[in-house]
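Residue numbers (the working numbering), protein chains in the order written: chain A, 1 to 455; chain B, 1001 to 1318.
None of these hints come from the bench; they were simulated from the model.
Please note that the accuracy of each hint is not assured.
[Unchecked claim] Cut-off 27 angstroms, straight-line C-alpha distance, at most; resulting in silico cross-link-like pairs (DSSO-like, lysine-lysine):
(1) A:K289 - A:K344
(2) B:K1158 - A:K332
(3) A:K344 - A:K332
(4) A:K106 - A:K147
(5) B:K1307 - A:K332
(6) A:K106 - A:K26
(7) A:K26 - B:K1158
(8) A:K147 - A:K127
(9) A:K127 - A:K168
(10) A:K183 - A:K147
(11) B:K1158 - A:K289
(12) A:K205 - A:K221
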Amino acid sequence: MATMTAEEMLSIEARHPQVFRRPAYKRFGPLLLFTGTLLYLVYALWFFSLPQVLWESHWERLPLFLTQWISYDLQPEFRLDQPEITPKYPRFSALGDNPNPDWVIKNADGSFTVRIDGRAKSVTFDKTYATIVAHGQTVPVALTSGKPVITGPVPNWITAHDDEVVAKMGFVGEVRVTVDRVKVRKRFLGWANFVFDTRSPFFGKSAGEVISLVMSGPELKPGTSNLALAGDNIWNNAQWQHGDVWTKLLQTIVMAFLGTLLGGIVAFPLAFFAARNITPSGVLSQVLKRFFDFMRSVDMLIWALFFTRAFGPGPLAGSAAIFFTEIGTLGKVYSEGLENIDDKPREGVLSTGANGILVQRYGVMPEVIPVFISQTLYQWESNTRGATIIGAVGAGGIGLKLWEAMRTNSNWANVFYMVLLILLVVFIFDNISNFLRRRLSRTIHDYNRIQAKQG
Amino acid sequence: MTLSVTAASGATHQTADAWRRQTSLRRLYTVLGVGLLLAAMLSSMWFADEANAGHFFDRLPHILDFLSWLVPKDWNDVWRALFDIASPRDTGTQEFNFPLGRVYVWGGFYVPEYFELMLTTVNVALVSTFIGFIFAVPFSFIAARNLTPHPALRLVVKRFMELLRAFPEIVIAGLFAAIVSTGPIAAIIAIGLHSIGALGKLFYEINENIDMRAEEGLTAVGANWFERVRFADLPQVLPNFVSYTLLRVEINVRASTIIGAVGGGGIGEELKLSISRGFGAKTLALVLLLFTTIFIIDQFSAWLRRKLVGEQAFMMGS
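Only chain A is shown next, with the shape it has when bound in the complex (with noise of 0.2 angstroms):
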């Protein structure tokens, strides 16, 4: 680049003062708008006292959960002041009431050896003595002298408590030894039990063992034909609740659909109205706008809480909440739609001695009614997402179940199944929403080319 004179540069200040002599908000705005969110953030760090709830917060738990969505466990419990050492499970184990597995052996001289992780990770132990192998270790506890007592030096995977040894293996489970009991707890990868809970017949049994009996084996259930009974199996799986779950899915579904359409349906005629070009009425107008600001400044969740108290939980509630906000939110989307037509289509119609009514049909709507019809699907794409947590508060669907599901932080493979299904639904109807907002847009696009064409 050439070097400039100074009169260059002057001449060049001189020609363009907008650049070179800004205003002092336009100089300053951006340093004092930085300098602002900074002491905002530092005032938020203070009020919700975060670095205190950080260190105090259990990170731990966050992988210990995360496993559990895609993992469950078997936790058998051998009790040593038993004359004969038997392994118990706990009820509504995922193993059914006959549990066998081949991972718990029973050896020739009594003792017991369950592998947690094939060979490489184990513990056998007889009423005096538990051996525990894991990560190329051996590791005795005796368990005669009134506590387990560890021989030899104590690897960094085992915590030697006072009247217990806990061994953990990582993913795979851990060991708990004290003096009267082996407590195991062995996880698996995937979820139990998703298809045949442990009270139906067809439990354990193969994906082919099961065909062949739908399609050609004995009654299981005098009476009621094997497809029948295995369907109803699934629709009523105590542990993943199939059915339920998809009760509540549609419930939600439901919710977004009928509050999204009811509440444009009301909107529709109220937007005229409210239309500063259209309505009879500057007065109208204004109640309206603030009539639509109401129905929309009124939360959702007061909505919400309010007709759960009226009709009680339940998707009526529901739809009756998103319908209120909705009138509010479309109301005012459609006004402002109205608000920016052209007026020359509805001046010609008008020009014809049409009526008040036909003038709206033919001059107003086709204008309108690809832009409404793409933002009501935008709300009833938004409100699909938002049914599943208003209906948290007891307004019906899905969100309710997955929260209880939640609460007691044990069931996080049946929340991850919500999850999913949430998603799919998500999804699809994003889909939908988008294929049918493309197709609009066309007619949208189309329609300005024509009349940009004819000026």
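Add chain B to chain A, keeping to what the hints say.
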């Protein structure tokens, strides 16, 4: 509309016939579509009514009954509840223990409980919008077709943002509530993650519609990707970005109230408690405060957006 054809020429007849055929076909489609929608609506209504605890027509005559608890015995109690002033009705019950929640700041000067809760809710919304904005801006430049540094990276970021947008906020809030053990932080994380996805999508759609000449100019002088984004693209899109972020603040205030009601703290939780126990004066005070706050935030944000990008800020979805 009908066309009256007086000219007897064959061509006119043909045109008129074609027109008639077309309109009757369109009318048929319209009737079919509306009929289908009506059927879907009626069956949905039936389904919602069946699944509900109380049925529509059973409850309709009593719809206003439940409002009777809402009307306080003394309207002044609403103001007292709002500003934590002792009520003459206070006998130690939860319904009228207004001064209990005072948050003392300096000596005898206090912030009323509900204002403090409202502040929490608004702060949750602001901080989570900020998180959304900070992450959505770089993501949006990667995800825009015309600006992306690499197509594969674009796809990854786009899918990631889609996932964040669709993932139910309530699950993230529940998960983090078990980890950080206080509601508002979990709510911030949940709404913040959602905002990244939501803002990111709007932002990259803006980015895909920018004027590329500034970008080409900077490419010609050898600017790298960051310089191009910073000096050619960002100045074009920033007003729109800020406008959408303000819109997001409005949405997030509502989201933070709702998350609050399911355990995220703030005013939502108090409102849910108050309604479920039938505390008339407290409920009215809370509704009044929430309504006013949301109204003010909406109006302020609308005014600011109008100043920033003009009427364009109010065209949505089309």
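- Task: Given the hint that K106 (chain A) pairs with K26 (chain A), test it: the Cα-Cα distance must not exceed 27 angstroms.
- Result: violated, 82 angstroms
- Message: Just to be careful, I want the Cα atoms of K1158 (chain B) and K332 (chain A) compared with a cutoff of 27 angstroms; is the pair within it?
- Response: Violated, because 31 angstroms separates the two Cα atoms, which is more than 27 angstroms.
- Distance restraint between K147 (chain A) and K127 (chain A), which requires alpha-carbon spacing of 27 angstroms or less: holds, 12 angstroms
- Holds or violated: are the alpha carbons of K205 (chain A) and K221 (chain A) at most 27 angstroms from each other? Measuring from Cα to Cα gives roughly 16 angstroms; hence the hint holds.
- Given the hint that K26 (chain A) pairs with K1158 (chain B), does the C-alpha gap stay at or below 27 angstroms? This hinted pair is violated, its Cα atoms lying about 35 angstroms apart.
- Query: Are the Cα atoms of K344 (chain A) and K332 (chain A) separated by 27 angstroms or less?
  - Reply: The given pair, whose Cα atoms are some 23 angstroms apart, holds under the 27 angstroms limit.
- Given hint K147 (chain A) paired with K106 (chain A) - CA-CA distance at most 27 angstroms: holds, 24 angstroms
- Query: If you draw a straight line from the CA of K1158 (chain B) to the CA of K289 (chain A), is it 27 angstroms or shorter?
  - Reply: violated, 37 angstroms
- Query: Is it true that the CA of K183 (chain A) sits at most 27 angstroms from the CA of K147 (chain A)?
  - Reply: Holds, at about 15 angstroms.
- Query: Is the hinted pair K127 (chain A) and K168 (chain A) satisfied, with a Cα-Cα distance of at most 27 angstroms?
  - Reply: Between K127 (chain A) and K168 (chain A) the Cα gap is close to 22 angstroms, so the pair holds against 27 angstroms.
- Measure nothing beyond the straight line between the CA atoms of K289 (chain A) and K344 (chain A); if it is 27 angstroms or shorter, mark the hint as holding. With a Cα-Cα distance of about 25 angstroms, the restraint between K289 (chain A) and K344 (chain A) holds, given a limit of 27 angstroms.
- K1307 (chain B) and K332 (chain A): Cα distance at most 27 angstroms? holds, 19 angstroms
Hints 2, 6, 7 and 11, counting from the list given before, are not met by this structure.
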